[in-house]
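Protein chains: 2
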Amino acid sequence: MKIILDGMGGDHAPQEIVKGAVEAAAEISDEIIIVGEPEAIKHELKKNKYKGQQISVVPAHDVITMHDSPVRAIRRKTDSSMVVGLNMLKDGEGDMFVSAGNTGALVVGARLILGRIRGIDRPALASIYPDMTGGEPGMLVDAGASSESKARNLLEYALMGSTYVEKVWGRENPRVGLVNLGAEESKGTSVTKDAYQMLANSHMNFVGNIEGRDVPKGACDVIVCDGFTGNVILKLTEGVSLSIFKLVKNSLMESLKSKIGGLLVKSNLTALKEEFDYEEYGGAPVLGVNRPVIKMHGSSNSKAVKSAILRGLPYARENVVEIIKQEMLDVEEYIEEEEE
Amino acid sequence: MKIILDGMGGDHAPQEIVKGAVEAAAEISDEIIIVGEPEAIKHELKKNKYKGQQISVVPAHDVITMHDSPVRAIRRKTDSSMVVGLNMLKDGEGDMFVSAGNTGALVVGARLILGRIRGIDRPALASIYPDMTGGEPGMLVDAGASSESKARNLLEYALMGSTYVEKVWGRENPRVGLVNLGAEESKGTSVTKDAYQMLANSHMNFVGNIEGRDVPKGACDVIVCDGFTGNVILKLTEGVSLSIFKLVKNSLMESLKSKIGGLLVKSNLTALKEEFDYEEYGGAPVLGVNRPVIKMHGSSNSKAVKSAILRGLPYARENVVEIIKQEMLDVEEYIEEEEE
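Quick mapping for you: the protein sequence lines, in order, are chains L and U. FYI, in the working numbering the residues of the first sequence are 1 to 340. FYI, in the working numbering the residues of the second sequence are 341 to 680.
For reference, chain L alone in the conformation it holds in the complex (with noise of 0.2 Å):
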């Protein structure tokens, strides 16, 4: 496999993205291809002793910022290490794209440069989400590539989700849930009425409806809703739990007085923070474009780079691009009778 790296992409790009690279080389015997700023990724590899072959560099002398327009962006800078990466990725000069860079960007290119896959209406943005129960992480489809879902949408999430899930993260027959506000067939708007349909007559492992409160209990491996949706469980869970986390060590602070039994909190909690980090857990795919791409965080350092390398590359090996396209044509004729 050739994994194509956007060296550019991210904020601490390409110092941490470079030196993530060098430590994944050393675990696998895939190539890397590192695009971007010649001389500054050549610096770095330098900077982490790397003198092989595995890694190489292709030249992009423009970067997709965060505050950039995704579409304008993708149209015109032509010559960023997105873009580049991602025509590369089209023209068969690699198996994978794994990109730090702005997220937005990165889906509207995907959609763009890749295509979508046949049958697929809307790709979608995956997440990775805790189980606060102490459990495997959860995949939450869509995180926010649409605003706005069909049923047929949420079908095609459950269902890229599903395979993604299963295929790369080897968990079999994952449980499908779909976020709603009442947990009987019955509840909801006329989308997730229609998509429980579809979803309960669909070969997957359905498992109803999941109101928020069971979100963060590991109530399903595939966390299906809308973008909206997905964007605020994600940024909701974020600021809730970092509040929470605040007014639990004050308070404990303010009681535990002596020096020793803070540092006791403190410790407890910063590594609790680290669980929720996912580091170890990879990078989120970009579904249902016709190759595989992998967002990482923005704030992504190397450990997460290598993660997102080591821990992406079955979403190309295993070939989950051209499974999702199989089970498009078995789903496709169902759709279209739902729809009449």
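Derived by calculation from the structure, the hints in this document are not laboratory data. Some hints here could point you the wrong way.
In silico lysine-lysine, DSS-like type, Cα no more than 25 Å apart, as pairs [stated by the list, open to error]:
1. 589/U <-> 246/L
2. 150/L <-> 490/U
3. 586/U <-> 235/L
4. 246/L <-> 586/U
5. 217/L <-> 575/U
6. 235/L <-> 589/U
7. 382/U <-> 217/L
8. 235/L <-> 527/U
9. 150/L <-> 533/U
10. 235/L <-> 490/U
11. 246/L <-> 527/U
12. 575/U <-> 193/L
Position chain U against the provided structure of chain L, taking the given hints into account.
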């Protein structure tokens, strides 16, 4: 003022309801009419050693339970405490109805029996939402009365919430925020984009879009969203908060092995959890119907019942329904222009 109290709704009815009424009566001169099974209510009044004239009982021999389907229950259970109470309110035999019963039935009953305020397309259920940075809580509208909303509904929610927070909570010029997936005004669904423009052009103190991560940080006084999103926000906040409390507790208890440390942690966390209960803050209003209705939490104890009565009184006293009615006349013309 005459307060009509649903004596049979809620998990701890009639015991905690009657006890709360007796406690409230001690602090106000307003009449309280408890509707429900007369023997049971009189028994509770006796248990609480109540012998005054301020509290009276109106018989109703049926109860709407949590398992009843809302529309069906309101139509068929005509002798239930909820339906009898709402009819009394409609007929002017009281000034406000307070209930801890089935939320869906209360919203439907308020709409069917009392009618919508002229100009209000969809009544809404409000909910108190904590400020986890330690400030005063906000009000979230809609908490789930409707699952789908048009832009004009979001404007109505904002207007009703803003009026309530100002007149009932006494907070001047309340900050109104629109839940969205990004802070920029160009972000969101077609509905939130249109609502943004309507809110920006209104006379309200609109502070713009609020992202999920800012919702728990007291970013605004009135949190506006559709009922689906509102339901997810409330339940997810509960789920994440409780999960994190549990994680922190387990993690700290493990290392602070001494009994004293453990107890200290436990008492601190209990105190913090209580901060989120908002028993002190009273019930949540049903907004947009022709008379004042207050919903209490299903598990309300006497303290919560007392607080809902005392804190809810200005909803009737300040004639908030009339103020909303007047404001709707002002904005009606504007909404029609926007919708053309």
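field: In rising order, the numbers of the hints this structure does not comply with
entry: 7 and 11
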